[in-house]
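Enquirer: One letter stands for each residue in the lines below.
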Amino acid sequence: MNLGRAKLILIIAFTGLNFFLGYQLFWPDFGRLTEVAVTAEDLREAEQKLAANNYSLDASFDRSTRTSDFITVFPDWKIKHDLLYKLIKTGVQIEKTEHITYYRTEEMRVIIHSSGLLQVFFTAGETLEEPASALEQGELKEMVEVFLEEEGLLPEGINFNYLEEKEDGSMTLNYYQLLGDLPVFSGNLKVILKDDHIQAVEIYWLEPAERSPHREMEVISPAEALKNLVSELGPSGEERVIKQIELGYYSGEYDAEKWEIPPVWRIVLDNNQYYYVNAFTGNLEKDAVIPDQL
Amino acid sequence: MVEQFKTLLLLVLIGLSLFLTYQLWYGQKPAELVADDVYEQVEVEAPRPLEDVIVPGRIVISCEEGAHLYRKGAPGYEKIWDKLSALLQNIDNNFSTDSQNAPPEEAIMCMSANFDPPLPTGIEMPWLSGLSGSGIEGLDLYCLEDSYWLVVSPVDEGKKYLPVGEERVGKLTGVMEELTAGSEPAYGYLGPESVLQEKEEEAEEEATEDNDRDPGYFDPGSVLDELELDLDIVNPIYVPRDERVMKRVSLEAENLDQELLLKTFFVDYNLARVIEERDGGRLYTDGEKGLRLSDLGFEYSYPRLEEGQTAVSYSEALRSSSSLISYHGGWPDNLRLESVGLESRGGKFFYEAEWKIYLNGYPLISGQPTRIMFNDLGLFHFTRFLFKPAGAAEAAADELILGADKEKIIVADWSEALSKAVEELKERSEGFLTRMRLEDMHLSYAVTGSKASPRGTPVWVVKINGEEIILKADKLEVINEEDLI
Chain A
7 MNLGRAKLIL
17 IIAFTGLNFF
27 LGYQLFWPDF
37 GRLTEVAVTA
47 EDLREAEQKL
57 AANNYSLDAS
67 FDRSTRTSDF
77 ITVFPDWKIK
87 HDLLYKLIKT
97 GVQIEKTEHI
107 TYYRTEEMRV
117 IIHSSGLLQV
127 FFTAGETLEE
137 PASALEQGEL
147 KEMVEVFLEE
157 EGLLPEGINF
167 NYLEEKEDGS
177 MTLNYYQLLG
187 DLPVFSGNLK
197 VILKDDHIQA
207 VEIYWLEPAE
217 RSPHREMEVI
227 SPAEALKNLV
237 SELGPSGEER
247 VIKQIELGYY
257 SGEYDAEKWE
267 IPPVWRIVLD
277 NNQYYYVNAF
287 TGNLEKDAVI
297 PDQL
Chain B
62 MVEQFKTLLL
72 LVLIGLSLFL
82 TYQLWYGQKP
92 AELVADDVYE
102 QVEVEAPRPL
112 EDVIVPGRIV
122 ISCEEGAHLY
132 RKGAPGYEKI
142 WDKLSALLQN
152 IDNNFSTDSQ
162 NAPPEEAIMC
172 MSANFDPPLP
182 TGIEMPWLSG
192 LSGSGIEGLD
202 LYCLEDSYWL
212 VVSPVDEGKK
222 YLPVGEERVG
232 KLTGVMEELT
242 AGSEPAYGYL
252 GPESVLQEKE
262 EEAEEEATED
272 NDRDPGYFDP
282 GSVLDELELD
292 LDIVNPIYVP
302 RDERVMKRVS
312 LEAENLDQEL
322 LLKTFFVDYN
332 LARVIEERDG
342 GRLYTDGEKG
352 LRLSDLGFEY
362 SYPRLEEGQT
372 AVSYSEALRS
382 SSSLISYHGG
392 WPDNLRLESV
402 GLESRGGKFF
412 YEAEWKIYLN
422 GYPLISGQPT
432 RIMFNDLGLF
442 HFTRFLFKPA
452 GAAEAAADEL
462 ILGADKEKII
472 VADWSEALSK
482 AVEELKERSE
492 GFLTRMRLED
502 MHLSYAVTGS
512 KASPRGTPVW
522 VVKINGEEII
532 LKADKLEVIN
542 EEDLI
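Those sequence lines, one after another, are chains A and B. Residues 7 to 300, numbered by the working numbering, are exactly what the first sequence covers, in order. Residues 62 to 546, numbered by the working numbering, are exactly what the second sequence covers, in order.
By construction, these hints were calculated from the structure, which means they are not laboratory data. Be careful, since some hints might not be right.
[Said to hold, decoys possible] Covered stretches of chain B, going by a simulated chain A footprint (3 or more residues, C-beta under 8 Å):
hint: 1; stretch: 77-84
hint: 2; stretch: 331-342
[What the hints assert, rightly or not] Quick list of simulated restraints, FRET-style, between CB atoms:
hint: 3; chain 1: B; residue 1: V539; chain 2: A; residue 2: W83; range: 40 to 48 Å
hint: 4; chain 1: A; residue 1: Q279; chain 2: B; residue 2: D329; range: 26 to 34 Å
hint: 5; chain 1: B; residue 1: G369; chain 2: A; residue 2: F26; range: 52 to 60 Å
hint: 6; chain 1: A; residue 1: I94; chain 2: B; residue 2: G407; range: 47 to 55 Å
No residue lacks a Cβ here, since even glycine has one placed at the ideal position from N, Cα and C.
Taking the hints into account, I'd like the entire structure generated from these sequences.
Expert: If you want it as structure tokens, here you go:
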């Protein structure tokens, strides 16, 4: 037998083996490879329900079947420790209550909550190089991020969310957290500006402890999440447009050692209202159900 | 060229086969399989029949010298309740309010049992199926030579009477004689006065005959006068006649199967997320309901169900409460249902049931109750914190009876405990004290110490004007509720 024939036999044998292994591995889930979670009919149904309740959809979303899992997180303390180290070196007044610690210097007032929330208030405000009103959103964002970096208040995985302008002239730049490429909407950073000064920064950042791939499950479709949200909210008084629907992670804040966060569909309305629909249960995520809060 | 292509193709196929083999061997299960696995069947304790759900709070066997008192967990209690329960299950239902059926004045009350919560009666009930209504709160057996009368106290109704033959009550009276033979009655009756007067009259009559005063009954008037206490005794209270010795007991929280609890509270517990609290507790929530597990027990709530109402009857509520405690943790030895009642909050009606563990006839008082709240939508709140003697159950029970000497304490006299409780109540009320009504007074165990090593401390529990005062049984020091574990 020559080498060429031997190779041919091996190619045929391995092709057969691979078919067998592939069959064992994917059956009966072959369909999943091409399956869509949202059919045209599902989408039409969802849009009808939205319309009946005075909502309309102006967002595109991924129609494929998605799976997800829980991630375990704990409050990130690195920024706080770095900031405190800096404050203590320059001299600081400290006052402590059961769940909150206050640090005061001439320039700033820092409040650290036991839940991990950090609030920094600048006494005189930090002046921007140019008036905020004269800047484009992108320029303002860049300037603010440079400032945060200089102050040691720029956490890793920061992702711009939206700019909120209030009637009193103040503006808030809202960011959320990315863990790798996954949005974690619970982790957020706010920069509050007024009269072209940065008045305060609020950071609630999370550190991932572990993933739970053994609990990976299929998530509900975005169409189902939309229907559940409308069922929960009921008809809207004025017409509302759904601007975005995105898969990420979200849970309320807990004053705990560590906790799991479920995947959610974040649904954004045109008035910057955010809703988080649990992507496993379909329930609207609200404050945690803590038994002794009854 | 062809040979090179074959070689390349062969290498790719070998590589692919290795990858697929690895995926098959170590790869993740398809997502749907993980989700489906959670709908497994769980095996939980079967709900108890009504006969085991309701038991008397106290059974008293009275005699001329005083009273023998039996509570859940005390030797003899189960024996006498078995016979009494059997009697009530087989009794004729010809109770009447006619005084002709009432026991004659010379008959004495030789046994009494109080039911709190009430014993359900009527059709489809195990006991007194012909006696309709909301159940009975009390049952007395009157004896006169070979004649007997049962007197029941239905809820919200007057007493009803039934003469019974010796053949019916023979087994019950046999057990009563067996239990009390050769032992001095350890308790005496303190009040209320109305009942006491009857007993005093009986005692005086006999004393006149025997030229001797019955020592079994207290004269609360004189005792309270001596103590300079001005209060009304509103419920029957029995107190120890002589010096009493109790023991401190090492306790441990019941061992709950936490995984099973998760399965019983969450249909799909894979959807529940975990929050690890700083005190070591673990909170599970699916966003709608929450379950906090700690080393001592658990706390569960499902706020959305609070919006429901209830329209079920008392007997249905009893059955539901039995099912709920059986499903979620089971029914340990010496657990007694202490109360079941219809409550309301914000216009919503629901049932609330509470249980206590008894140690050798004494209830165990812990800082957090074992209590459920439910309505027609289901269970919406449950706290369960039950303790048992540390170590093996049998050894612990022996310890409770025999005990190490250093753990023994001499219980302060009831009159001292009552004086101290009144003093404490006056202090708490800062002068705004209405006429005092003594509602209850009994010995108990309070769960004190630390969460790591809880202890059962003997205490006096005195309830005046709805307020419970807990005093260490020996030193009569006040134990505040927040000091209980």
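Enquirer: Against this structure, judge whether each hint is valid.
Expert: Hints versus structure:
Given a C-beta distance limit of less than 8 Å, the hint that chain A covers the stretch 77-84 of chain B holds, as 5 residues qualify and 3 suffice. A count of 8 residues in the stretch 331-342 of chain B with a Cβ less than 8 Å from any Cβ of chain A is obtained; the coverage claim is therefore met, three being the minimum. Between V539/B and W83/A, the C-beta spacing of about 43 Å keeps the proposed range 40 to 48 Å intact. Against the hinted window of 26 to 34 Å, the Cβ-Cβ separation of Q279/A and D329/B comes to about 29 Å, which satisfies the hint.
Under the hint 52 to 60 Å, the C-beta atoms of G369/B and F26/A, about 55 Å apart, fit the expected range. In this structure the supplied range 47 to 55 Å holds for I94/A paired with G407/B, their Cβ-Cβ distance being about 50 Å.
Violated hints are absent here; each numbered hint is respected by the structure.
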